[in-house]
Amino acid sequence: METKRIVGKGIVGGRAEGEAVVSTVPLCFRTEYDPATGEVIGLRHPLRGQNLRDKVLVMPHTKGSCGNSMAFSTGCKEGNGPAALVCLRREPLAVLSCVVNGIPMVSDLEGDLFEVIDTGDFVHVDADAGVVTVWKKPI
Amino acid sequence: MDLTGEQRSIAQGEAGPLLGKYMNWLIAWGEAMGAKRLVPVRSVHAMLRTPSTRGCSRRTVEEYIAELRQVCAHRVKCLTTTQVASAGSNYWRESGASQEEAAFESELRNLARRSGFQLTRTCTPYLVGNAPLKGEVCAWTESSAVVYANSILGARTTRHGMESSLAAALLGVTPAFGEVLDENRRAELHIDVGVELRSEAEYGALGFYASAVARSYIPVFTGIASLAAEDAKQISASLPYAESAISMFHVVGVTPEAPDLQTACGSRAPRVRLAFGARELRDTFQAMTDLSPGEEVDTVILGCPFASLWEIQRIAEGLAGRGIADSVQLWVATSYQTAMEAERLGFAELIRESGGRLMHDACPGSAAILGSRRVVTTSFKQAHHAQTVLGSRTAIASMERCLEAARKGRWG
Chain U
1 METKRIVGKG
11 IVGGRAEGEA
21 VVSTVPLCFR
31 TEYDPATGEV
41 IGLRHPLRGQ
51 NLRDKVLVMP
61 HTKGSCGNSM
71 AFSTGCKEGN
81 GPAALVCLRR
91 EPLAVLSCVV
101 NGIPMVSDLE
111 GDLFEVIDTG
121 DFVHVDADAG
131 VVTVWKKPI
Chain A
1 MDLTGEQRSI
11 AQGEAGPLLG
21 KYMNWLIAWG
31 EAMGAKRLVP
41 VRSVHAMLRT
51 PSTRGCSRRT
61 VEEYIAELRQ
71 VCAHRVKCLT
81 TTQVASAGSN
91 YWRESGASQE
101 EAAFESELRN
111 LARRSGFQLT
121 RTCTPYLVGN
131 APLKGEVCAW
141 TESSAVVYAN
151 SILGARTTRH
161 GMESSLAAAL
171 LGVTPAFGEV
181 LDENRRAELH
191 IDVGVELRSE
201 AEYGALGFYA
211 SAVARSYIPV
221 FTGIASLAAE
231 DAKQISASLP
241 YAESAISMFH
251 VVGVTPEAPD
261 LQTACGSRAP
271 RVRLAFGARE
281 LRDTFQAMTD
291 LSPGEEVDTV
301 ILGCPFASLW
311 EIQRIAEGLA
321 GRGIADSVQL
331 WVATSYQTAM
341 EAERLGFAEL
351 IRESGGRLMH
361 DACPGSAAIL
371 GSRRVVTTSF
381 KQAHHAQTVL
391 GSRTAIASME
401 RCLEAARKGR
411 WG
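Protein chains in written order, with the numbering used here: chain U, 1 to 139; chain A, 1 to 412.
Calculated directly from the structure, the hints in this document are not laboratory data.
Incorrect hints may appear among the rest.
For lysine to any residue, the following SDA-like pairs were computed, each having C-alpha atoms within a straight-line distance of at most 25 angstroms [what the hints assert, rightly or not]:
1. U/9 - A/34
2. U/9 - A/408
3. U/55 - A/243
4. U/77 - A/107
5. A/77 - A/116
6. U/77 - A/17
7. A/36 - A/13
8. A/21 - U/76
9. U/77 - A/182
10. U/9 - A/185
11. A/408 - A/286
12. U/77 - A/68
13. U/137 - U/18
14. U/9 - A/243
15. U/77 - A/198
16. A/36 - U/129
17. U/77 - A/62
18. A/77 - A/1
19. U/9 - A/336
20. U/77 - A/69
21. A/408 - A/198
22. U/137 - U/36
23. U/9 - A/31
24. U/77 - A/99
25. U/4 - U/19
26. U/136 - U/48
27. U/55 - A/4
28. U/77 - A/11
29. U/137 - U/2
30. U/55 - U/43
31. A/21 - U/136
32. U/55 - A/59
Distance windows between CB atoms, simulated [said to hold, decoys possible]:
33. U/128 - A/6: 28 to 34 angstroms
34. U/2 - A/194: 21 to 27 angstroms
35. U/46 - A/20: 36 to 42 angstroms
36. A/327 - U/1: 57 to 63 angstroms
Here a beta-carbon is modelled for each residue, glycine too, at the ideal position from N, C-alpha and C.
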C-alpha cells in the first residue's frame, strides 16, 4: 500500500490514528455538527452525512461560532469526537477544542494537504513530532 | 510560557481543582497558539450555560450542570457579562429550550448572582454596559462581539470559547496571542468600497464578501465615510461566517486604529487589494438569496445580533398601526435590559399590537421548533443559520424591506 508522510507543526500533543474525513472548506462545529451522533448535519456542507466519530478530520480550519469548542466538547463527552485534527492553520477555537479534550492536532503542514489526503485514507497523526502518515486507500 | 509564581501554584492545584484545571487549559491553549505569557483582563464575556445537549445522554447533561455549579462556587475576577442561552427567555419554548434547561437557568440565575457573573444573556454585551475602551485586553466569546470589540471599540480579544471564557472570568487572565498583540492587528487585505452602502444588510454583505476572500487576513476598508453602530454590528456578524474566522476589521478614517491606510496596515503594503462595487454587492446578496420575488414568507427574524434600542424603535415605528400578515411570525431578539427599556418607552407594545414578538435572552434563529421554511432577515449570519440548521429558504434585506415582507407575507 502506498504511504506518504507530511511534516507540520504539532499543536496539541498526542498520537492517534483513524480513517480520514477531508473537507476543503471550513466547518462550524456549533451549527454544522451534531454532538449527539457525531454526524455533520450542515445542510450545505460538503461533509453532510459523514460521521466524525474516531475519524481524523482534515480541513483548512474552523469557522463561525465561538460555540465551536462547546459543541466539540459535548461530542467528545458523548464519545462522538474525532480522533485527531489536521488543519492548515491554527484557529483559536479548534485549538481550544483539542486542548480541553486531549485530542491531538497538527497544522501548518508542508505541501498541499488536500493533494495528499483523501477521505477514506488511513492516517496516523503524531502531534508530538508534528508528523502525519497517510496510507492511501486502494483505488 | 513565562508564568508568575502565583500562576504556577494555581496550575499545580493550590487554589483547588477547578482553578487548577482552568489555569492549565489557558496555559496549554496559549502555548499551542504561541503565547509567551498570561495577561490580566478587566472585561470578560462568558459562555455560562448548558450546551445544546438534545439527544445526548443524561451523564453528559449532568456533567455540564455539575461543572457550572462548581464554576459558580467561585468569584469572577472582573466585569463578566454572559452569552445568550436558549433557556431563560420570555419565549423559552419557542427558543427550543427543554423544561429541564429552563429550570436550570432559574437556578443558574441565583448561582450567578453570588459568583458575580452578570446573567445579561446577550450577544451584544457592548450595548448593555460591557464596553471596554481602546487598548483594553479582554476575554470575549461570541464571534460577532469579538469582531466588534476589536474593530470598533479598539479593545483586544481573541475568539474565546465556553471553556476559556469561564477560565478567564475566574482567573482574571488570558493568554497573550492573536489580536491581543499589536503585530496581529494590522490589515493585510485592502478592500476599496466603491458603492454606497444604504442599509445595515448591505454592510453585512460587505462583511460576508470579505469573509469569503480574506483567508486569514484582517481586512481594511476604504471608501466608507462613516458607520452607524448597527452597520458595524452587521459587518462584525458576517465576518466570521463565510469562509474565514476573521476577528477584526478596520475602516480608514472611522475605526480607532485606522486613521489612514498606512497605519491600518502597520506601514506595510497590503498583500491583497480588491474592489467591492455594485456587482460584488449584488452577487453577495444573490448567493445567499433563495426566495423568488413574490414567494410566500413565513418568518421574519430581526435582532441578529441582538437589537439595539434604536433598532427596536425603528421596528416599532415602522410597524405602527399596520399589522403583519397572519401567515408570518415576526421575531425581534434583544437583551433583557433593552427589552425592558423598550417596554417602558412603549416600543414593545407597538410591536405586540402589530403581531410581532420581542424575545429577550434567547435567539429565535437557532430554534428548529419554529418550523420556518422561508425566512427573511437583515442578517447574513442569521440567514446562514437558517439555511444550514433549519434548511430554510432565505432572503436578506434592509429593516424596511423585512417589515414590508412581514406585512405582505411575501418576498420582494
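Subject >> Ascending list of hint numbers which this structure does not respect >> reply: 2, 9, 15, 19, 22, 27, 31 and 34
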